[in-house]
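Chain A is already provided as a structure; the job is to place chain B on it using the hints.
Here the protein sequences come in this chain order: A and B.
Those letters in the first sequence? Residues 145 to 259, per my numbering, in order.
Those letters in the second sequence? Residues 45 to 158, per my numbering, in order.
By construction, these hints were calculated from the structure, which means they are not laboratory data.
There could be a bad hint or two in this list.
What the hints assert, rightly or not - Examples of chain B residues toward chain A, derived with CB under 7 Å:
hint : residue
1    : F78
2    : L88
3    : F148
4    : G149
5    : G151
We treat Cβ as the ideally placed atom computed from N, Cα and C, and that holds for glycine.
Now for the letters of each chain:
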Amino acid sequence: NAGVTQTPKFQVLKTGQSMTLQCAQDMNHNSMYWYRQDPGMGLRLIYYSASEGTTDKGEVPNGYNVSRLNKREFSLRLESAAPSQTSVYFCASSEANRVGDYGYTFGSGTRLTVV
Amino acid sequence: AQSVTQPDIHITVSEGASLELRCNYSYGATPYLFWYVQSPGQGLQLLLKYFSGDTLVQGIKGFEAEFKRSQSSFNLRKPSVHWSDAAEYFCAVWTTSGTYKYIFGTGTRLKVLA
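Same shape as in the complex, but just chain A (with noise of 0.2 Å):
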């Protein structure tokens, strides 16, 4: 089925170690995106990618980096997880200019834990 896929769902990391989220569309989709979700405040943009080859920083970019790897590929990286980083965190992608016809289409999340 199109849409947007990531990995892993689950992830537990130890205060210090790094990963990468993976985000990958199949829906040829210009503009990619990472958000985190936490209790009462909503979605929280990290960053954004509106092309290949393009990243621009969210609303809250600190301890995060991001890779658009090719149109389909968007990952998030953490290089030193800090507990503050516990958090549900969600790819979209859409096509930019056409929102207002199609809105984003979300991955089903990665729920990540860092003790």
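Okay, now just chain B, sitting in the frame of chain A:
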């Protein structure tokens, strides 16, 4: 500054009752407005959207929303709630200021009593 406010963190309704979830936005131009639903353990799914035309928009699963410019509101409604509607609902505005991205509200968690 652009913002989206969902004043109700939690709402509980009985199955079969009507539902209204509130959303207020702050945005300089005519906004693109959306409602998303998130079922437990799932990503967000688009319910409906407004960007021009008729101010009453219909969505999936029997939901509708009304855009009221004078009140800066985009409230979500359903005439008769089903137990399967229990989920978290997010209002969002799409902003083209600076770059293309959403601003999400903090969400309203709906509980449905049998």
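Comparing the hints with the structure gives:
no. : hint : in the structure
1   : F78  : 6 Å, holds
2   : L88  : 5 Å, holds
3   : F148 : 4 Å, holds
4   : G149 : 6 Å, holds
5   : G151 : 5 Å, holds
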